[in-house]
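*Asks:* Here the protein sequences line up with chains X and V, keeping their order.
Residues 0 to 482 (numbering that gives the first Met the number 0) are what the first sequence spells out, left to right.
Residues 0 to 482 (numbering that gives the first Met the number 0) are what the second sequence spells out, left to right.
Source of the hints: derived by calculation from the structure; they are not laboratory data.
Among the clues, some could well be false.
Said to hold, decoys possible - Simulated pairs of lysine-lysine, DSS-like, Cα-Cα distance not exceeding 27 angstroms: (1) Lys64/X <-> Lys329/V; (2) Lys313/V <-> Lys64/X; (3) Lys447/V <-> Lys422/V; (4) Lys106/X <-> Lys447/V; (5) Lys64/V <-> Lys57/X; (6) Lys64/V <-> Lys332/X.
Protein chains: 2
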Amino acid sequence: MSEKLDKAAQKAITPRAKDYSEWYQDIVEQAEMAEHSPVRGCMVIKPYGYAIWELMQKDLDARFKAKDVQNAYFPLFIPESFLKREAKHVEGFAPEVAVVTHAGGEKLDEPLVVRPTSETIMYDVFSRWIQSYRDLPLLINQWANIVRWEMRTRLFLRTTEFLWQEGHTVHATEDEADDFAKQMLEVYRSFAEDIMAMPVIVGTKSDSERFAGAVRTYCIEAMMGDGKALQAGTSHMLGQNFAKAFGVKFLDADSQEKFGWQTSWGVSTRLIGGLIMAHSDDKGLVLPPKLAPHQVVIIPIGATPEEVEASQAKAQEIADQLRAEGIRVKIDKRDMRPGPKFFEWEKKGVPVRVEIGPKDIVKGSVVAVRRDTSEKQTLTEEGLIDVIKDLLDQIQSSLYAKALAFRQERTITVKDYEDFKNKLEGNFVLAHWCGSAECEAKVKEETKATIRCIPFEMPNEGSGKCLYCGKDADTAVIFAKSY
Amino acid sequence: MSEKLDKAAQKAITPRAKDYSEWYQDIVEQAEMAEHSPVRGCMVIKPYGYAIWELMQKDLDARFKAKDVQNAYFPLFIPESFLKREAKHVEGFAPEVAVVTHAGGEKLDEPLVVRPTSETIMYDVFSRWIQSYRDLPLLINQWANIVRWEMRTRLFLRTTEFLWQEGHTVHATEDEADDFAKQMLEVYRSFAEDIMAMPVIVGTKSDSERFAGAVRTYCIEAMMGDGKALQAGTSHMLGQNFAKAFGVKFLDADSQEKFGWQTSWGVSTRLIGGLIMAHSDDKGLVLPPKLAPHQVVIIPIGATPEEVEASQAKAQEIADQLRAEGIRVKIDKRDMRPGPKFFEWEKKGVPVRVEIGPKDIVKGSVVAVRRDTSEKQTLTEEGLIDVIKDLLDQIQSSLYAKALAFRQERTITVKDYEDFKNKLEGNFVLAHWCGSAECEAKVKEETKATIRCIPFEMPNEGSGKCLYCGKDADTAVIFAKSY
């Protein structure tokens, strides 16, 4: 696709400071990650974007399996009546479902909802899988597509159809279920921070922000490059709400029949949107090495066919050594000038670019450029592999440190509600809240800020005054605008 | 799930000779692979069945990537008007689509079809991705769920929703496209034979059996344990049919604008049905080692807690060594008698069972049992790992050889049409065919046999007489009843 890319390379990315939303859209487009489809609100995930999703899946899937979670697959369609069995659940999801009314040329007796999430269809099945306490815990995960009819969509962040995983578990006791929901939150935290290099705040959602049907929603919240919050993953303690609606019961060791305690938890292709906004800059995408489809791109350079051949041979040699160490390497052998190649791989966020030309070969060295800092260095061939491995590790941790420092700078406290309104934009505000839904709703109405989470670890412990009503308040929360 | 499995272990599998269809259903159920869902025709793929699908995906995905095919993801929904653009395509698929008419609480302006296959939605997008011959070949694959409203369904073999991969490519020339369609057929053949241990006949479909919209459909056909045929994979040369309908054009090196030449190819969860029917027996599922979630199950045995502990320690030691060699091992430590464990893993088709008890530990040996032949042998601990690896290789090749011999026995020729009708049941009949759709239709109407394929390699080359009309015929084909 050289011609097309040549064209793309010439197209500028809107500066982030000028228009954040345009900047985001430009990066998604020019890094060839995704595009809008002819179907309203649905996206096409292009190969480069999908390759990032595959890396995310692989890492997460291994983490789930390490917790003894098993993958399975449940139907795309849910009978409309199932959705209605849990009152809060249907209230939350009914307005945004897509409905199949006709199939095989005939009108269906009962309309089928395209899954907006799979609690209802799975738990009906679970009610038959589980008889005894010996069948517990039941730990199931599904990788699937999901449909929620959204009015305003944005690639990766909010689309009518998206890809995700949804874990669903059943436990014998409340404590065990709550503990498992927290364990999965910790899986997400670790994935976000260690793999995506994206620091997150872990905590609980307020009642009005929790999942429709849950008793408690745990979440990880990340700060994006514009200071807004992104809910990056949630883990729900469902209590016995669905168990009672679907008859998920078991005979306990004490011969009593009891309802199961359940959890569900999920992350989606929305994470790719978070990844983009956590690290990227005005030159394009910046990827942490652990999620880069190509961790290193090698550009062989030469003015004559002989020089090109020599550079390519050296590139191949280095690539082979790097690959033997498990590093993902791309050699860009296309018949193009090096300049547009540099631009292209910069836009695509490849962490390390290695340039090899005739002079380098003579000197026994290469030129390496870090994507995150643009730092250019000449590296000797001796020990090169270890130096590049080190460089990748440095980039991974430096991206995390940079994002963390950014969030710390922008996590503020305020004197009062007036001060809050002035300083809200682009910040996380740590404030006390009396716990009333009314105060929460008023703040949202007046400022568009929501309670992103009630952090597990509260930096300003102790009591204070509610941001809105001024009454005594024990709970410290994060207020912010969000995606 | 010990209690439930204990119960399952007591339930008998219907003998294959008594009722093939019941036998199949019993295996799927008792090996806990899948079950019917509350949604008509849709299945729940249970963890054990899904684990087999994951192994299939992993192997196939690597083969596609080795051909430079890139994964991507396209919308689940297709505007109804798209489906209509290719005349044969809509004719083939319109009767079996599910249609979304309402979403977000409102009636849609244009109904959306749930994808029965993705040619139309992808090629509309491809028409914008491709401008120049430099953008070709475009090689895309998608792992996705598919919906086709089927009247009669059977777990894995024919379900309303199924999982599959669909590859879609665009090439500059007819020869290149045809060659690529054949390359992917070879990928499927090799996967079926080398990984599934399921011999297949490769060839071309007759015009009336080919994919709706294709110029030519290549296929792999396998013989199941009842002598019926299963279409296990297809690769379509689409010519320029869709390219013309969707404007998939490119500017060639000669500055002429030309339509692309396209292919599509796919295999689905149907392969799991084929896998079951190719190898299993009256004791349950038989899995080729390359697709077994557990290749070896180790059962530690002991009458006292001390004996159990010693057996488990030895089991762990052996498992660690096997895992270091990349072998998938399960240690069954459940507090149950060994008998039900043996039955359970037999039903689940685990290739090798290893039993370790106090006497074995004293003798420095273990007992190993092959699932396919039930052969029991005592193996000394010395060199055990290599012997087990060998055993797995033997099982893999022996399953293939057995299935091949079975098919060869049951691939017959006949004297005439009367003879054909008598011998058709349970056999592949190799016969000549004049090429007319009328003769083909008559045979189907009168005997329910279809032309499964026109094999690339014809064992009885040369001309003959058409099975039905008796006219001179150059083409030898396989007639059979099929799934």
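*Asks:* Next, verify each hint and record whether it holds.
*Replies:* Now the hints, each set against the structure:
no.	hint	verdict
1	Lys64/X <-> Lys329/V	holds, 14 angstroms
2	Lys313/V <-> Lys64/X	holds, 25 angstroms
3	Lys447/V <-> Lys422/V	holds, 13 angstroms
4	Lys106/X <-> Lys447/V	violated, 31 angstroms
5	Lys64/V <-> Lys57/X	holds, 16 angstroms
6	Lys64/V <-> Lys332/X	holds, 19 angstroms
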